[in-house]
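Engineer: For the record, the sequence lines run as chains A and B.
If you're matching positions, the first sequence starts at 1441 in the numbering used here and goes up one per residue.
If you're matching positions, the second sequence starts at 1441 in the numbering used here and goes up one per residue.
Errors might be hidden in some of the hints.
To be verified - In silico EDC-like links for lysine to aspartate or glutamate, alpha-carbon gap of 20 Å or less:
1. B:1731 to A:1509
2. B:1512 to A:1733
3. B:1513 to A:1733
4. B:1761 to A:1557
5. A:1512 to B:1557
6. B:1726 to A:1557
7. A:1731 to B:1557
It is worth saying that the hints were derived from the structure and are not from the lab.
Protein chains: 2
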Amino acid sequence: MFKIIKKDECTGARIAELSTKNGIIETPVFMPVGTIGTVKSLSPFEIYDDGFKVMLGNTYHLFLRPGIDIIKKFGSLRNFTRYKGMILTDSGGFQIFSLAKFAKVKDDGVSFMSHIDGETHFFTPERVVEIQEALDSDIMMQLDVFSGPEASRDKAEKDLDITIKWAERSMSAKKKDGNLLFLISQGNFFEDLREKSARIMSGFDADGYAIGGLAVGETKEIMFKMLASSASNLPENKPRYLMGVGTPEDIINAVSLGVDMFDCVMPTRNARNGFVFTSSGALNIKNSKYKSETGPLDVGCGCFCCKNFSAAYVRHIFMTKEIFSQRLLTLHNLHFYQNLIVKIRQAIKENSFLNMLNKINMQKPSSLF
Amino acid sequence: MFKIIKKDECTGARIAELSTKNGIIETPVFMPVGTIGTVKSLSPFEIYDDGFKVMLGNTYHLFLRPGIDIIKKFGSLRNFTRYKGMILTDSGGFQIFSLAKFAKVKDDGVSFMSHIDGETHFFTPERVVEIQEALDSDIMMQLDVFSGPEASRDKAEKDLDITIKWAERSMSAKKKDGNLLFLISQGNFFEDLREKSARIMSGFDADGYAIGGLAVGETKEIMFKMLASSASNLPENKPRYLMGVGTPEDIINAVSLGVDMFDCVMPTRNARNGFVFTSSGALNIKNSKYKSETGPLDVGCGCFCCKNFSAAYVRHIFMTKEIFSQRLLTLHNLHFYQNLIVKIRQAIKENSFLNMLNKINMQKPSSLF
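The shape of chain A in the complex, shown without the other chains:
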């Protein structure tokens, strides 16, 4: 199911293929975030056609709106959204603890108040698997407890124990064949807890393992220390998915530590705020120097935006708050990420990944992209 095609000789990087019921995912992979069933401003066809074969959905959001019963009528989230690729759904654990109100963890599950209408709901690990089976997600995530960046060691340890129990229960709750289930290793910012979590989770022989609770405000140094503790203790022969990370530099560094899968709102959210990734570094479309720039945002970029429109036009419609600008910038930023992933894969194939990693860490990203 997870076949490693090529291992980098010098780092933990690897190229692999993860088989799902709806196709094969080539890793490393970046998955755009389609929280509620759409990657903001784009059509599902645009995403797929730009090479993104996996999209993220979010159990918490989809459970609240439109509700699972409605999606059930379509047989799957895939049918509902008309996305031709594969879908990974997050369990909603993170959203319950960061977005919903009054999340209260009990042994058997977590109660919370919807951020939309204040209604109280109760999620158990079993219910969350059941919902994702109803969504017919290609990859499902277990319900986990997110302790938050400020959590004490005591709280982190308690939450971790619950997450481990819920991992086991999630595995048992699985009823349908074909939908993969990933467990989520946690441990906050404590290396030994990260190690413990990864080791115990590894024993459950899940289809894959996520690393959660990172990129929530900590320094890069701490993030990568924690990531290393998690990743190095997760099984070599299973996909590793770093949730919610990150910058292009983060992704390259995480790949070197053996991470295979990524998702992040950065390319899409930044686009909507006018922050643009380019081969010569990030730019802010609001900068007046683009006012009369007849060339594209990024010379040589092959995205729909750069192939067709000038920076001046994109800036003009961004400054006048035209919706079409968000679409153009989102397409551009996602294309940049896709291009990054293609280059990472190529570098691993050609044994030049260490070179790429060194370059990025020497602070010369412009020579890379």
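Assemble the complex: chain A is given as a structure, and chain B must be docked to it using the hints.
Structural biologist: Below, chain B alone, put in the same frame as chain A:
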């Protein structure tokens, strides 16, 4: 330049071809509104590919943002926006009197304060032609005075006299060949002024004639009475353009009075508010009955939205304020208007236009679309 292909035997409806420097416009035609250089939420390719060969731009808005100097660098608004079709630019007269502040008419022009930053500007008829020549619009409009729906006869007459003077000056101001110039007949809600305006304007032998100042709050009865007074006194051998109108029913009725060209924000603005035109009447996407509707918004509709997505999905992403919903609904509503125009042309060709007109006025629009 304006070739009438077929005249309806029973009404004023006709099919014609208007030649511009960038192509031939088949009339009757509906032109989507791309105020500031983009039809809200859509790419210029989507509009063109759905059959819309003319897009509207607005001189007032484009003058303020991005500014004419920037568009000049691209040679034309067409190059700036990358729209492959033809562009008609409104003069900005209506916007100066309805959107800008402190519009003050003098003999030689009008001063106003930008609604964006409060800066004061001064437009003369000559300057407005000059700006539109810089935009290289296929069809330019003269600067006119919009009196507002509440204007007294005295004011309406005064404004009309100024508009007539400005028409003459606009004609003389034209420096470039190839850009068509349309004059705007006015006269508020006074039939004799409408007639006077149309008759005098006709004497200037312009490339085409617009009918302005309608659909600004008056009853349908008054609107059509005024329209008839204007249209019947404009030359038969020139295109007639009814500005800012209207509903599908309005368009059919106006075509019967000899109107050839239309623009309106209705299909696009309604879309963004969730109001959808369908073959069985208008619908509001917020209506809960679409919550679990697995079929399209309009069975049989061939638009991108209806071909690909269920009403339930569109409703879901509309209710969650996803940008993509605005794009889907805009595409749908515009396609509906395009389809309407195609049916009008076909009816004229097949001598069944009177039948169409009668049907629409018998309040059975659903049997038509």
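Engineer: Regarding the pair residue 1731 of chain A and residue 1557 of chain B, is the alpha-carbon distance no greater than 20 Å?
Structural biologist: Status holds; Cα separation ~18 Å.
Engineer: Residue 1513 of chain B and residue 1733 of chain A were given as a pair; does the straight-line alpha-carbon distance stay at or below 20 Å?
Structural biologist: holds, 9 Å
Engineer: Take the C-alpha atoms of residue 1761 of chain B and residue 1557 of chain A, compute the straight-line distance between them, and say whether it is at most 20 Å.
Structural biologist: Cα-Cα ~15 Å, so holds.
Engineer: If you draw a straight line from the CA of residue 1726 of chain B to the CA of residue 1557 of chain A, is it 20 Å or shorter?
Structural biologist: The hint holds at about 17 Å.
Engineer: Given the hinted pair residue 1512 of chain A and residue 1557 of chain B, is their Cα-Cα distance within 20 Å?
Structural biologist: violated, 51 Å
Engineer: Tell me if the straight-line CA distance from residue 1512 of chain B to residue 1733 of chain A falls inside 20 Å.
Structural biologist: Holds, at roughly 12 Å.
Engineer: Verify the proposed pairing of residue 1731 of chain B with residue 1509 of chain A, using a straight-line Cα cut of 20 Å.
Structural biologist: OK: residue 1731 of chain B and residue 1509 of chain A at ~10 Å, within 20 Å.
Checked against the numbered hints above, the structure violates only hint 5.
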